[in-house]
Amino acid sequence: MNFKKINKLKKGDKIAILSPSFAAPGKWPHVYELCLSRLKNIFELEPVEYPSTKKLVLQRKKDRMTLSLLLKILRSML
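Position 8 of the sequence shown, counted from 1, bears residue number -1 in our numbering, the numbering being contiguous throughout.
FYI, nobody ran anything at the bench for these hints, they're computed from the structure. Careful, some of the hints might be misleading.
As the list claims (entries may be wrong) - Here are the simulated lysine-lysine pairs, DSS-like style, with alpha carbons at most 30 Å apart:
{"hint": "1", "residue 1": "Lys31", "residue 2": "Lys18"}
{"hint": "2", "residue 1": "Lys63", "residue 2": "Lys2"}
{"hint": "3", "residue 1": "Lys18", "residue 2": "Lys(-5)"}
{"hint": "4", "residue 1": "Lys(-5)", "residue 2": "Lys5"}
{"hint": "5", "residue 1": "Lys31", "residue 2": "Lys45"}
{"hint": "6", "residue 1": "Lys45", "residue 2": "Lys5"}
{"hint": "7", "residue 1": "Lys31", "residue 2": "Lys46"}
{"hint": "8", "residue 1": "Lys1", "residue 2": "Lys45"}
{"hint": "9", "residue 1": "Lys1", "residue 2": "Lys63"}
{"hint": "10", "residue 1": "Lys31", "residue 2": "Lys1"}
{"hint": "11", "residue 1": "Lys46", "residue 2": "Lys5"}
What the hints assert, rightly or not - Restraint-style ranges between C-beta atoms, simulated for each label pair:
{"hint": "12", "residue 1": "Glu24", "residue 2": "Lys(-5)", "range": "15 to 25 Å"}
{"hint": "13", "residue 1": "Leu65", "residue 2": "Leu30", "range": "35 to 45 Å"}
{"hint": "14", "residue 1": "Asn(-7)", "residue 2": "Arg29", "range": "11 to 21 Å"}
Source: prediction; values computed, not measured. No residue lacks a Cβ here, since even glycine has one placed at the ideal position from N, Cα and C.
Based on the provided sequences and hints, a complete structural model is requested.
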């Protein structure tokens, strides 16, 4: 397997926040908010939330298709 080396995160970098299999932030919002706060305040990163991150059920076909595409992109980077 060939792995692609990615750059280290820097202060101010945007990072994607998504829940591909289970919307844990919808079930435990207090834990999710704590994590977002730490990403912002301690690591000085800019979290960008995917719309379905907090949805307990993917309600639209479009969301599922977009998520599928994102997963394919992520897999191709590994």
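Against the structure, the hints:
1. Restraint check: the Cα-Cα separation between Lys31 and Lys18 comes to about 22 Å, which is no more than 30 Å; the hinted pair holds.
2. At most 30 Å may separate the alpha-carbon atoms for a hinted pair to count; Lys63 and Lys2 meet this at roughly 27 Å.
3. The hinted pair formed by Lys18 and Lys(-5) fails the criterion: a straight-line CA distance of about 34 Å is larger than 30 Å.
4. Taking the CA atoms of Lys(-5) and Lys5, the gap is near 20 Å; set against the 30 Å cutoff, the hint holds.
5. A threshold of 30 Å between alpha carbons decides the hint, and for Lys31 with Lys45 the separation of about 18 Å falls inside it, so the pair holds.
6. Restraint check for Lys45 and Lys5: satisfied, since their Cα atoms lie roughly 19 Å apart, inside the 30 Å limit.
7. Restraint check for Lys31 and Lys46: the C-alpha separation of about 22 Å stays at or below 30 Å, so the hint holds.
8. For the suggested pair Lys1 and Lys45, the alpha carbons sit about 26 Å apart, so the restraint of at most 30 Å is met.
9. With a C-alpha separation of about 25 Å, the suggested pairing of Lys1 with Lys63 holds against the 30 Å cut-off.
10. Proposed proximity of Lys31 and Lys1 is supported: the alpha carbons are some 12 Å apart, at most 30 Å.
11. Of the pairs offered as hints, the one joining Lys46 and Lys5 holds, with about 22 Å between alpha carbons and a cut-off of 30 Å not exceeded.
12. Here the CB-CB span from Glu24 to Lys(-5) is close to 32 Å, at odds with the stated 15 to 25 Å.
13. The given range of 35 to 45 Å is broken by Leu65 and Leu30, whose C-beta atoms sit roughly 19 Å from each other.
14. Take Asn(-7) and Arg29: their Cβ atoms lie about 33 Å apart, and the range 11 to 21 Å is violated.
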